[in-house]
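Student: Okay, here's what each chain looks like letter by letter:
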Amino acid sequence: MYKIKIALILFIFSFTSYAQDELLELLEGESQGTDYVSATFKSTRLVNGHSVEVRSKGVLEFIISHRFGTLNSGYEQFWGLDISSIRLALEYGLTDNLNIGIGRASFEKVIDTFLKYRLVRQSNSFPVTITGFGSLTRKTIDVPGLEGVDRNTYSGQVLIARKFNPNLSLQLMPIVIQRNLVPTRRDANLLFALGLGGRYKVTNRVAINAEYYPQLTEFSDGFENSFAIGVDIETGGHVFQLHLTNAVQMNEQGFIGGTTDNFFDGDIHYGFNISRVFDLRPKTR
Amino acid sequence: MKKLLLILFVVLTGVQVYAQKFKSSESNIRFFSKAPIEDIEAVNTEATSIIDVDSKSFVFVAPIKGFSFKKKLMEEHFNENYLETDKYPKAIFKGKIENWDVGKGEAVVVAKGEMSIHGVEQQVSIEGTINYGDDNVTIKSVFLIALKDYKIKIPKALFYNIAEVVEVTISFQYQPYVQN
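Which chain is which? The protein sequence lines are A and B, in order. Under my numbering, the final residue of the first sequence carries the number 286; numbering is consecutive throughout. Under my numbering, the final residue of the second sequence carries the number 262; numbering is consecutive throughout.
No wet-lab data here; the hints were simulated from the structure. Model, not experiment: these values are computed from the prediction. There may be inaccurate statements among the hints.
Partial chain B-side listing against chain A, Cβ under 10 angstroms, derived [what the hints assert, rightly or not]: (1) Glu158; (2) Glu162; (3) Asn163; (4) Gly177; (5) Lys178.
Quick reminder that beta carbons are idealized off the backbone N, C-alpha and C, glycines included.
Given only the sequences and the hints, what does the whole structure look like? Please build it.
Tutor: Quick look at the structure:
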């Protein structure tokens, strides 16, 4: 009898003290809806190439990119800093998934335009984010004999990325590039390359990125596959990307098909991208 | 002995039957940060809550990812840099409603308990109003949260100026809870 009383008291006591946790369990047991993964990468660029990330609707991004000369060019060229290749670009979110962009590079005075569309997002019901990319570039440099569509290149790319955990994201980005004019007879007009890249987040605001674009089609001597490694530093509306790469061009046809320096021979260019976003939608308040 | 067990059984099943629980059918949690450069506001309608009228227990769970900002990039930074949502996906409050003489109608009450945000637990008391209707309950409250209490760090050189104390407005509507 006494035992039962104690048991009863204990039971009631435990019932009240655990009541709140029990209520929480009732809530926890409920299933949530689709949970999308965000921030697979900090920027719309890995280094030279695109990432799966897109800007949302009404957001304008201004990107200033520089690639200096090679680090092994010695004091005469101030280890590369005397020379710089520049690209200025404006990119805009037409919808939350569709971006449009225009850029202008100092190298061969190339103007590039592109459309980028995020087809599907990684979530608790889908393993990867897939973004499609298409661009048209035109060399506007004044070269005798370079006329009409010979100045143009076109590219199409599929970017597939997975955020494996909060720190590690990997991306596969096969690309096809149609060059209307190629450097030599050995170079194919239609160039295929497999892009591989990823990032590892070191702190909440700093990540290390790398990308490699091995070409699958034959290319003539003197050309190299582009490789880049860099650091992303994000401070609110800005992302600073500092990197080392063997490419001096910053559009797809340029850094994939037109890279002539060998990273592992020390032909390394220091470079940076600085991005600033502006929200152009009217304030509602 | 048998009698006692019978009484125990009746009492316990009785507790089950009369334990009046209400579960949120609609929720709205809004936070607002007033700062010199821009005001920051986010709304979350994905929180869930239960009230147990008998024990006056009150709990709610708000998925941090449910906070929706007008600027998506700000939302990303909120999750990635400030609340570290991957590590701490939920804000949880569990506590008791004090000075509530359970009865129909509106009453100003204080909920005392434990708030967990960003993996940090704090003892808090929150003032609000509870309206106990015939077949529904409404809770409304406005309170302040100091970010440093929950170890939410704001770097000094930041382009969005974020206030150190944000105003949180919660509003829950409840229906009787039916166990599935």
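Student: Checked against the structure, which of the hints given earlier come out wrong?
Tutor: none
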